[in-house]
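Taken in order, these protein sequences are the chains called A and B.
Its first residue numbered 1, the first sequence is counted upward by one per residue in the working numbering.
Its first residue numbered 1, the second sequence is counted upward by one per residue in the working numbering.
Warning: the hint list may mix true and false statements.
What the hints assert, rightly or not - DSSO-like cross-link-like pairs, simulated, lysine-lysine; straight-line CA separation at most 30 Å: (1) A:Lys47 with B:Lys98; (2) A:Lys407 with B:Lys80; (3) A:Lys79 with A:Lys47; (4) A:Lys102 with A:Lys428; (5) B:Lys13 with A:Lys29; (6) A:Lys334 with B:Lys98; (7) A:Lys29 with B:Lys80; (8) B:Lys13 with B:Lys127; (9) B:Lys85 with A:Lys408; (10) B:Lys104 with A:Lys37; (11) A:Lys428 with A:Lys72; (12) B:Lys98 with A:Lys29.
To be verified - Far from chain B, some chain A residues (derived; all Cβ distances over 12 Å): (13) Leu67; (14) Arg172; (15) Ile417; (16) Lys428.
No lab work stands behind these hints: they were computed from the structure.
Just so we're clear, the structure is a prediction, and the values are computed from it rather than from any experiment.
Here a beta-carbon is modelled for each residue, glycine too, at the ideal position from N, C-alpha and C.
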Amino acid sequence: MRSFHNVICTGCSLLCDDIQVTVEGSHIKEILNACSKGCSRFVSDPKEGRLLSPLIKRNGRAEKASLEDAVKETVEILKTSDRPLLYGWSNCVSEAQILGIKIARKIRGAIDATSSFCQGVVYLAACEAKGYHTVSLGEVFNRADLLVFWGCNPADAHLRHFSRYTFFPRGRYRQTGFEERDSILIDVRESGSAKIARTPLIIEPETDYELIQTIRAIIKGHEIQHGKVSGVGFEKVKSIADKMVNSRFCVIFYGLGLSGTKGTYRNVSALLSLVDDINRRGTRCAVIPMAGHFNMVGFNRVLLELTGYPYGVDFHDGSAYWNPGETTAFDLLKKEEVDALVVVGADPVSHFPRKIAKYISEIPTIYIGPHVTPTSAVSRVSIPATIAGIEQEGVAYRLDGLPLKLKKIADPPDGVIPDVAILEAILKRL
Amino acid sequence: MAFAVRLLSGQAKIEDCPDLVEREEFRENYEKLKELLGERPAAEVSLPRIDNEEACNGCGICVVVCPANARADPEVGSGKGASRKEGLIFVVVNGKVKIMDISKCRRQEDLTTCRVCEEFCPNNVIKIG
Chain A
1 MRSFHNVICT GCSLLCDDIQ VTVEGSHIKE ILNACSKGCS RFVSDPKEGR
51 LLSPLIKRNG RAEKASLEDA VKETVEILKT SDRPLLYGWS NCVSEAQILG
101 IKIARKIRGA IDATSSFCQG VVYLAACEAK GYHTVSLGEV FNRADLLVFW
151 GCNPADAHLR HFSRYTFFPR GRYRQTGFEE RDSILIDVRE SGSAKIARTP
201 LIIEPETDYE LIQTIRAIIK GHEIQHGKVS GVGFEKVKSI ADKMVNSRFC
251 VIFYGLGLSG TKGTYRNVSA LLSLVDDINR RGTRCAVIPM AGHFNMVGFN
301 RVLLELTGYP YGVDFHDGSA YWNPGETTAF DLLKKEEVDA LVVVGADPVS
351 HFPRKIAKYI SEIPTIYIGP HVTPTSAVSR VSIPATIAGI EQEGVAYRLD
401 GLPLKLKKIA DPPDGVIPDV AILEAILKRL
Chain B
1 MAFAVRLLSG QAKIEDCPDL VEREEFRENY EKLKELLGER PAAEVSLPRI
51 DNEEACNGCG ICVVVCPANA RADPEVGSGK GASRKEGLIF VVVNGKVKIM
101 DISKCRRQED LTTCRVCEEF CPNNVIKIG
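Extracted from the complex, chain A is given alone in its bound form:
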């Protein structure tokens, strides 16, 4: 039996780096400190639900194939396609993401990640707002005295958010932890996080934009005529605005409850402007989007570095072209422009609308990943890969943008290799 310390969990984008794992052979026996979501990543049976052999669909039937044949078939599909799309990337290491970008550039295809309809919109919002003030999670628990949770529910989505990084830890300048912190939760319902927040604020659905702009107006000293905003009395809204401005260090976490509701990225743009307004009043304020998948932020950062754009990049004319709504995966598939799809580290058949899922099943699709999923079931080629952070090392970015090196703590099933090696083989043949 071997014990591994400071293992990084890939259950969500918090990337908790204090996990202790006891392994016997390839079986994980005990996990210390990981939440239930993280533990589900460290499964006890390494073969449970796994893709164990490359498969190629011929005449409607998936047949076992060698890795070489599967790579050959993949390259053939990509070489003969006019409009290939490489999608996913949020559940794999950044080394694989870099290779995906190289492949997309080589075949003049498009590349996009799950973040294009999730928290990647912060980059689009930052273009319209006055930038994007953010901090590391370490700064949050060491310094922040006011936490705002807007349209997110860490108690059910990022289980160790409150305990490991934000509300409860005793920090360098917050040595009594929660006793010297305040918290506000803004949501359309009383979620699990409402029990933790000192001030839960329940607002009407689809009225976040009005609330943000009202708070901005209050902070700037404007007179407000209306008695109610977003279903909340003006006095309550004013007290929230006063709390934000009078705090010493305010950090706002927001989720899809803000970026996915009516207004989408414009809500985020307004929020970024609010953060800027608070900073200009002399109060330190920052915002952190609540990314879901463990390396969603990684793809945005890597693609930004290599192309100058965060997601949805099309290389059809040899250079990087970004136009959300035109070059993003959801839109390309909806308009049925794509004639070949490579999926790495995602499961679009499970998450996209039925019409798009049906289209994915009709075009040549290549799936690279560790598990049997609805996407692998409809793919023409399925290639098994290792699980990052357990069977494969590599770099992943935490939700605040901090890069961390994942460890390998167990061997994969026989014949299963890292997605990095698979993508390298594909790139070499192209």
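Once you have looked at the hints, place chain B on chain A.
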């Protein structure tokens, strides 16, 4: 002050204070307290217990918020997970909270009013009393 709190909550008896029993100058106080409090057995200290393990999602709030845990391991009090199971009250093992050493609970010392683990558990897993 601490003894007074324990006396009032039934954690201690009047006879637990030697000065009250033995010193003549406190005879009147002793008689008055007996009259006020009467004869009653000391109450049992109620300690935290895992009441609903199914509902636990391993969020670790109890681990971090527990002042006894923080005293035993300051890194745990700063949010970092436990590096060992021994010496701590709460530890998350395989995604669920486990009580390792309840004898460390502050409710058994002077601070009998501590209920932070129960108060902040979002899923009502921990119960006291």
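Consistency of the hints with the structure:
no., hint, verdict
1, A:Lys47 with B:Lys98, "holds, 28 Å"
2, A:Lys407 with B:Lys80, "holds, 18 Å"
3, A:Lys79 with A:Lys47, "violated, 33 Å"
4, A:Lys102 with A:Lys428, "holds, 11 Å"
5, B:Lys13 with A:Lys29, "violated, 48 Å"
6, A:Lys334 with B:Lys98, "violated, 48 Å"
7, A:Lys29 with B:Lys80, "holds, 21 Å"
8, B:Lys13 with B:Lys127, "holds, 26 Å"
9, B:Lys85 with A:Lys408, "holds, 24 Å"
10, B:Lys104 with A:Lys37, "holds, 29 Å"
11, A:Lys428 with A:Lys72, "holds, 11 Å"
12, B:Lys98 with A:Lys29, "holds, 16 Å"
13, Leu67, "holds, 34 Å"
14, Arg172, "violated, 9 Å"
15, Ile417, "holds, 29 Å"
16, Lys428, "holds, 41 Å"
Hints 3, 5, 6 and 14 from the list above are not met by this structure, while the remaining hints are.
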